[in-house]
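Student: Single-letter residue listing:
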Amino acid sequence: MKKPPKHAPARIDTTEQLRSFQRMMMTAVVRPLDAGDNLNSKWVDGRSMAKVASEFIKPNDRLSSFERLELYNQMYWYRIYEAMRDDCPGLQAAMGEKAFSKLSKAYLTQRPSRSFTLRDLCSRLVKFLADNPRLTAPRTKLAIEIARFEWAQTVAFDGEALPVVTGESLARTPPNKLKLGLQPYITLLSLRHPVDTYVMSVKRREVMRSEASNTPDSKVVAKKRTRRPALPKPAPTFVAVHRLNNRLFYKRLDPAAFKILEALSSGVVLSRAIEAGGPAVKPAKVRDWFTSWMALGWFCEAGNKSARQAS
Amino acid sequence: MPANRFNGNCDYGIGIGLRVPHYAHILSKKPVVDWFEIISENFMVDGGRPLELLDQILEQYRVVQHGVSMYFGSADKPDRAHLTRLKALVKRTKTPWLSDHLCWGSVDGTYTHDLLPMPYTFGAAKRTAQKIKEVRDFLEVPICVENVSSYAEFHASEMTEWEFLSEVVELADCGILLDVNNIYVSSKNHAFNPYDYLNNIPHHRVGQMHVAGHTRFEKYILDTHDHPVLDPVWKMYAHATRQCGVSATLLEWDDKIPSFDEVHNEALKANEFIDGAKKAKK
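Residue numbers (the numbering used here), protein chains in the order written: chain A, 82 to 392; chain B, 143 to 424.
No lab work stands behind these hints: they were computed from the structure. Wrong hints could be hidden among the right ones.
[Stated by the list, open to error] On the chain B side, residues computed to face chain A include the following (Cβ under 8 Å):
#1 GLY189
#2 ALA217
#3 GLY251
#4 ASP256
#5 GLY265
#6 HIS297
[What the hints assert, rightly or not] Capping the alpha-carbon separation at 30 Å, the derived lysine-lysine pairs in DSS-like fashion look like this:
#7 B:LYS361 - A:LYS132
#8 A:LYS284 - A:LYS363
#9 A:LYS132 - A:LYS208
#10 A:LYS208 - A:LYS139
#11 B:LYS172 - A:LYS83
#12 B:LYS420 - A:LYS139
#13 B:LYS219 - A:LYS87
#14 A:LYS284 - B:LYS171
#15 A:LYS314 - A:LYS186
#16 B:LYS268 - A:LYS139
#17 A:LYS186 - A:LYS84
#18 B:LYS171 - A:LYS87
#19 B:LYS330 - A:LYS132
#20 B:LYS361 - A:LYS186
#21 B:LYS236 - B:LYS330
#22 A:LYS83 - B:LYS219
#23 A:LYS186 - B:LYS268
#24 B:LYS420 - A:LYS284
#25 A:LYS183 - B:LYS275
#26 B:LYS219 - A:LYS84
#27 B:LYS171 - A:LYS139
#28 A:LYS260 - A:LYS284
#29 B:LYS398 - A:LYS179
#30 B:LYS219 - A:LYS139
#31 A:LYS139 - A:LYS186
#32 A:LYS84 - B:LYS330
#33 A:LYS222 - A:LYS284
#34 A:LYS314 - A:LYS260
#35 A:LYS83 - B:LYS398
#36 A:LYS123 - B:LYS361
#37 B:LYS171 - A:LYS208
Given the structure is predicted, the values throughout are model-derived calculations rather than measurements. Heads up, the beta-carbon is just placed ideally off N, CA and C, and yes, glycines get one too.
Using the sequences and the accompanying hints, generate a full structural model.
Tutor: And the structure:
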């Protein structure tokens, strides 16, 4: 976001004056809340926020200019915090409320939304976590894996589906010339932790907490049944996040199967992709995998790119 | 106006917003509803369940698109990629008209996801109207702009909100989505008479109306959409209906959403006021 003007324009006759006014207001609205969840008392240049607000916002008989601006500032942060919590329940559970709040504030401050839709709010989170390891230390690798998994769910939910390659068209091309693409909504993840089962247990816990809250002795039930899931212990995990009949699924993959799919999605021909699985993989096994993947509709023409890719 | 060029000459009645908690009920029970309003952005996706659901709804119901991110009042130019996505959705839904808000919420490509109030100046009105025309020309569908609820006023403003709304829609030659609840909320927050607002807009441009619930706090009112419609808003709706004619009307209920039947029954209360307006006309 560009720097705001020193003062809001007194008149708004031109588009540039309108832009200048909007930069001023935007800077105030997205400015991080203070420790008490109120509008910061200082403007970006150190001046009093109350004074700056009074330069362009009228007070009324009940609220000062500062308080009126504060309403928008608070609503902004409550809205985007909530959106991030909705998208990252696993990350929130793994980090704990306090650390997750600190991370959210840093991410949303440094990477404000650049999309018309809140759907894309966490599209830059994985890179941000990698660039700012202090925010998730000492569990940075786990945090990044959970963030990758949770973003993959967003992609699988509403990502593009391209026409599925048929068995007939496969049969027409020899394996040393055939290239296959993976559906844009599929994400292949090579992980050091089984974050798929972890995130699922976090979500199950949330459902149980929600159900328990409707029972008369909800506090007792909630306490007994909804203990926070233990963090996953390291274990190599290969998973495809995908959808079937428009429902989300997570499919665990054999390491060799993962390598084959990864090779295919990188654009190599089928015969080379199968070689990537390693010499120990038996042809019958490979045939079974392909039969399953074809049935799931995972393959499309190679070279197709999703219309909206995550950064 | 029941049907006019701003709502695609459609004589729609009372609708409700299509919301996630009601999907299962709507698809299984197929309740009789005159039309559904969808939030365009929820369906501007590449595939998956949202579009499957939308197609199932479109098989049974009439749908009108309502947007929350066009930001007609933003100084930024319309984003071509955004418009292209929106046009694809317009073709899919065959929405007879499309609405979005008279506000801004982004600048230099950064988004607040809020509906921020405009400075009410002639320069801003001109720029906003130009943008509405560009969007309408691209989408090839009539546009109605909705007045927003607001919590701040600006020193730079040169006119009242209703004068600004009138200026914009006249310059853009577009329709109005008259949100009666928003007028009420803003009237309390800014101490003006809401009937001055209703009496001084171009009534013939109203293509649709919104009603909703709000929440009163000690020093201000918030447009929360989490309650039934309150009596002062229904009274204003009756007044607006007498002045503008019976327009396509939609109840917004977006938080603490109760059962489908409760929301629909609340929306259908509008019929009492519509009947009253019709009798008064005779």
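Student: So, for every hint listed, does it hold in this structure?
Tutor: Hint by hint, here is what the structure shows:
The closest approach between the C-beta of B:GLY189 and any C-beta of chain A is roughly 5 Å, which is under the 8 Å cut-off, so the hint is satisfied. Look at B:ALA217: its Cβ gets to within about 4 Å of chain A, closer than 8 Å, so that hint holds up. At a threshold of 8 Å, the smallest CB-CB gap from B:GLY251 to chain A is about 6 Å, leaving the interface hint in force. With a least beta-carbon distance of about 6 Å to chain A, the hint placing B:ASP256 at the interface is held under the 8 Å criterion.
For the restraint placing B:GLY265 at the interface with chain A, the shortest Cβ-Cβ distance is roughly 4 Å, inside the 8 Å limit, so the hint holds. With a cut of 8 Å, the hint placing B:HIS297 at the interface with chain A holds, because the nearest CB-to-CB distance is about 6 Å. Distance hint between B:LYS361 and A:LYS132 is fulfilled; the C-alpha atoms sit about 21 Å from each other, no more than 30 Å. About 37 Å separates the Cα atoms of A:LYS284 and A:LYS363, which puts this hinted pair outside 30 Å; it is violated.
A threshold of 30 Å between alpha carbons decides the hint, and for A:LYS132 with A:LYS208 the separation of about 38 Å lies outside it, so the pair is violated. Between A:LYS208 and A:LYS139 the alpha-carbon distance is near 41 Å, which puts this suggested pair outside the 30 Å criterion. Using a Cα cut-off of 30 Å, the hinted pair B:LYS172 and A:LYS83 is violated, with the two alpha carbons roughly 50 Å apart. For the hint linking B:LYS420 to A:LYS139, the alpha-carbon distance of about 41 Å lies beyond 30 Å, and the restraint is violated.
Distance restraint check for B:LYS219 and A:LYS87: the Cα-Cα separation of roughly 24 Å lies within the 30 Å cut-off, and the hinted pair is therefore satisfied. Under the criterion of a C-alpha separation no larger than 30 Å, the hint pairing A:LYS284 with B:LYS171 is consistent with the structure, at around 29 Å. With a C-alpha separation of about 28 Å, the suggested pair A:LYS314 and A:LYS186 falls inside the 30 Å cut-off, and the hint holds. In summary, the hint linking B:LYS268 to A:LYS139 is supported, as the alpha carbons are separated by about 23 Å, within the 30 Å threshold.
For the hint pairing A:LYS186 with A:LYS84, the CA-to-CA distance comes to about 20 Å; that is within 30 Å, so the pair holds. Restraint check for B:LYS171 and A:LYS87: not satisfied, since their Cα atoms lie roughly 58 Å apart, outside the 30 Å limit. At most 30 Å may separate the alpha-carbon atoms for a hinted pair to count; B:LYS330 and A:LYS132 meet this at roughly 25 Å. For the proposed pair B:LYS361 and A:LYS186, the alpha carbon gap of about 28 Å is at most 30 Å, so the pair holds.
Straight-line distance between C-alpha atoms of B:LYS236 and B:LYS330 comes to about 37 Å, which puts the hinted pair past the 30 Å bound. Annotation: proposed proximity of A:LYS83 to B:LYS219 holds, straight-line Cα distance about 16 Å (limit 30 Å). Between A:LYS186 and B:LYS268, the direct Cα distance comes to roughly 37 Å. Violation of the 30 Å bound is thereby established for this hinted pair. Distance hint between B:LYS420 and A:LYS284 is unfulfilled; the C-alpha atoms sit about 52 Å from each other, more than 30 Å.
With a C-alpha separation of about 43 Å, the suggested pair A:LYS183 and B:LYS275 falls outside the 30 Å cut-off, and the hint is violated. A hinted pair counts as satisfied when its Cα atoms are at most 30 Å apart, and B:LYS219 with A:LYS84 qualifies at roughly 19 Å. Under the criterion of a C-alpha separation no larger than 30 Å, the hint pairing B:LYS171 with A:LYS139 is inconsistent with the structure, at around 50 Å. Our distance criterion of 30 Å between C-alpha atoms is broken by A:LYS260 and A:LYS284, whose separation comes to about 37 Å.
At most 30 Å may separate the alpha-carbon atoms for a hinted pair to count; B:LYS398 and A:LYS179 meet this at roughly 27 Å. Proximity of B:LYS219 to A:LYS139 is assessed by CA-CA distance (about 28 Å); at most 30 Å being required, the pair is judged to hold. The straight-line distance between the Cα atoms of A:LYS139 and A:LYS186 is roughly 29 Å, inside the 30 Å bound, and the hint therefore holds. For the proposed pair A:LYS84 and B:LYS330, the alpha carbon gap of about 34 Å is over 30 Å, so the pair is violated.
This hinted pair checks out: A:LYS222 and A:LYS284 have alpha carbons roughly 21 Å apart, not beyond 30 Å. This hinted pair does not check out: A:LYS314 and A:LYS260 have alpha carbons roughly 37 Å apart, beyond 30 Å. Between A:LYS83 and B:LYS398 the CA atoms are separated by roughly 37 Å; this puts the pair beyond 30 Å, and the hint is violated. Only pairs whose Cα atoms come within 30 Å are accepted, and A:LYS123 paired with B:LYS361 is accepted, the gap being roughly 24 Å.
A hinted pair counts as satisfied when its Cα atoms are at most 30 Å apart, and B:LYS171 with A:LYS208 does not qualify at roughly 45 Å.
When the structure is compared with the earlier hints, violations turn up for hints 8, 9, 10, 11, 12, 18, 21, 23, 24, 25, 27, 28, 32, 34, 35 and 37 and for no others.
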